[in-house]
Amino acid sequence: DTAVSQTPKYLVTQMGNDKSIKCEQNLGHDTMYWYKQDSKKFLKIMFSYNNKELIINETVPNRFSPKSPDKAHLNLHINSLELGDSAVYFCASSLFGSRGGDRKTQYFGPGTRLLVL
Amino acid sequence: AQSVTQPDIHITVSEGASLELRCNYSYGATPYLFWYVQSPGQGLQLLLKYFSGDTLVQGIKGFEAEFKRSQSSFNLRKPSVHWSDAAEYFCAVLTGTASKLTFGTGTRLQVTL
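Quick mapping for you: the protein sequence lines, in order, are chains W and F. FYI, in the numbering used here the residues of the first sequence are 76 to 192. FYI, in the numbering used here the residues of the second sequence are 833 to 945.
Each hint should be verified, as a subset may be incorrect.
[Unchecked claim] Derived SDA-like pairs (lysine to any residue); straight-line CA-CA distance at most 25 Å:
#, chain 1, residue 1, chain 2, residue 2
1, F, Lys932, W, Gly91
2, W, Lys116, F, His842
3, W, Lys111, F, Ser871
4, W, Lys119, F, His842
5, W, Lys127, W, Lys116
6, W, Lys119, F, Pro911
7, W, Lys111, F, Pro839
In case anyone wonders, no lab produced these hints; they're calculated from the structure.
Assemble the whole structure, with the sequences as input and the hints as a guide.
Following this line, the structure appears as structure tokens:
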């Protein structure tokens, strides 16, 4: 009955490779997010999708491409991995809209720990 | 631009002692505020949230937080800390229609027995 799940949990790869991280939520939410947590534990938003439409696109290298096949799934594909991409990537989900703060509460997945060698 | 400041990078308390973690925010409108906890090697778990109304909010695991608009603060408290509370604590503010969460830099809590 996991609410927000991510696969894989750990990912170790070589520089230059391409990899994908998958996220799924079963909370009935319509908005999903990717956050990056760096080595100093700082969390920053990367992308957000609402009903398969990109609504937040922070300053992220275009080697990162999110894809949302439906509102319950949000994947992150990373091309030509670099050492600096090593981080923990968190997926989150919520409801969208201007009404009711409770709808906007974001629930996070367990994270994917990416190590680029 | 919105921002969140957690002035304490690292706090150590004895088990059974009280705890207060500080959080200050900068945001022009009424803020939606959150505290999340991250145990070592784990994901982010929601502790509590504030949207409106009563400025003292209760959360899980015996935590509470008080919103003070005049001080732009949302400090987290617990009357008696347990060893299992050792973790990283993040304060965050939600902004914009697109619901972007801006996090503070976190406070690492160490609990001594």
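Hints not upheld, ascending by number: 1, 5 and 6
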